[in-house]
Amino acid sequence: MFKTFVVGLLLGAAAVGGVLYAVPVVNQHREASIISVRTNGGNAEAFYVNIPMDRILLGADGLASPVPPDLAWPDGMLSGELNTELFKLRNARDAVVGVASRIAARGPDQDAIIEWVLHVPARGSAYVTMQPEALEGGYRSGVLRHGTREFQSLSGSMTERWVAQEAGDDSPGDGRIELEVAFVAIGGAEE
Amino acid sequence: MKYLLALLAGLLLGAAAAAAFIVFNPLVSSSSLSPIEVSRNELLVLNYSGVAEDALAHTNNGESSINPQPSRVQQLWEPAVRQTDVTVTLLSGSRNETVGLGIKFASWSESTQLLSGEAVVDSLWYVYMPGRGSLVVGQRENRFQYLRDIVLPAHWSSSNSWKGQWRGNLTFGPGSLGTGVVVGGSGEFAELDSAAIETLTARAYSAENGPVAAEGQLTIEIPAAVSADSFEEGVVAGDTP
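Read top to bottom, the protein sequences are chains A and B. Each residue of the first sequence is one higher than the last, beginning at 1 in our numbering. Each residue of the second sequence is one higher than the last, beginning at 1 in our numbering.
Hint data in this document are derived by calculation from the structure and do not stem from the laboratory. Take the hints with a grain of salt, since some may be wrong.
Claimed, not checked - Here's a subset of chain B near chain A, in silico, CB distances under 7 Å, partners left out:
1. Met1
2. Tyr3
3. Ala6
4. Gly62
5. Ser65
6. Ile66
7. Ile103
8. Tyr128
9. Gly138
10. Gly185
11. Ser186
12. Gly187
Ideal Cβ placement from N, Cα and C applies to all residues, glycine included.
With the sequences and hints as input, model every part of the structure.
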């Protein structure tokens, strides 16, 4: 009987070890990436943010309508103009795939900056710095400064564009932000 | 029948012993010293409150013991972001003066391996310092010791809480020395390419509400070429030997 007990003891310990080894403790939900191959090298992918539905946070000095409405933004504690936004990030199928932040700032001794962080839990994060000036057609372009995990070995660019909801709607501030990324493996050629 | 009972008792005891070994694995040691802390380069130290209620905003899936705040902030309930926390917080310097804004994205990682004492979180800090510039810190955190030393004891305690003094280095990669990767974005940090660590000091934790008294610290190594630009006194902590 003692031998049976010892066998059980070993089996129990092995079972716990085996389960922890074989069964992932964390399993991130993955939406299939919708990526197209660009003619001149690299991959293109589009993300969207629906406004106001996907806006998690909007904070700035003296803002009359912050998001969420009960946000206590520290007026005056951060010098210069600073506009902080946090969004849910959607793919082309309109499924939420991550979260993103957009910082627009201009300090007393600093040029204007517009910067995005795209955080896709199953894939990694991308840090993109944008040109402050908008291009013709309402686009603004930027470059990937840093990526983690899946984005770590990539370089490339991103454009942002604000598309207002159709005229006649009674919510003039509604619309969506379109983000189009064009990433290529570091060392690859992007034209 | 008695053999079956003996086998069952053995199974249960073996499973419990294995679970206890994983939790109290002596090979998983507390490492509070990072190579950055003995670096000869200057260090930019940014402090923040580790209590979610002190942040400007904190959001998660709404089922965590840490309540999203403010109360009307959107929660991350969609499947792809359910295991993600986002915190927007003020960052302070060594004299407790506000020096910037930090946004932390943190997601549980699929590389978590409890057998080897790794409860991994992939996180990225975005830091904006008015008048100075912006940078990001990408890192992998290991929260195993935090869970083992604070969260589990809080749940086991009859008072549903933990009190004590705990300081730990959360960062354990992706840098080869267990540091996070720092990349500058604008201003005086535009050319920055460096390393960082995040440490946490906890004094009280509630099983129902999460951290009650805790402070976090981001320590960023500033290479000599970048630190030649003037830094405000007090924010740069060290010119360590």
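Each hint, compared with the structure:
Contact between Met1(B) and chain A, as hinted, is not supported at the beta carbon level, the nearest pair being about 11 Å apart and thus beyond 7 Å. Annotation: interface hint on Tyr3(B) holds; nearest CB of chain A at approximately 5 Å, less than 7 Å. Because the beta carbon of Ala6(B) sits about 4 Å from the nearest beta carbon in chain A, less than 7 Å, this interface hint is met. Given the 7 Å rule on beta carbons, the hint for Gly62(B) is violated: about 13 Å separates it from the nearest Cβ of chain A.
A hinted interface residue such as Ser65(B) counts as satisfied when its beta carbon comes closer than 7 Å to some beta carbon of chain A; here the least separation is about 18 Å, so the hint is violated. Look at Ile66(B): its Cβ only gets to about 16 Å from chain A, farther than 7 Å, so that hint breaks. A distance limit of 7 Å between C-beta atoms decides the matter here; for Ile103(B) the minimum to chain A is near 5 Å, and the interface restraint holds. Annotation: Tyr128(B) was flagged as interfacial toward chain A, and the flag holds, the nearest CB pair being 6 Å apart, inside 7 Å.
A distance limit of 7 Å between C-beta atoms decides the matter here; for Gly138(B) the minimum to chain A is near 4 Å, and the interface restraint holds. With 7 Å as the threshold, the beta carbon of Gly185(B) comes within range of chain A, its nearest partner Cβ sitting at about 5 Å, so the hint holds. Because the smallest distance between the Cβ of Ser186(B) and any Cβ of chain A comes to about 5 Å, under 7 Å, the interface hint for this residue holds. Because the beta carbon of Gly187(B) sits about 5 Å from the nearest beta carbon in chain A, less than 7 Å, this interface hint is met.
Figure legend: structure checked against the earlier numbered hints; hints not met, in rising order: 1, 4, 5, 6.
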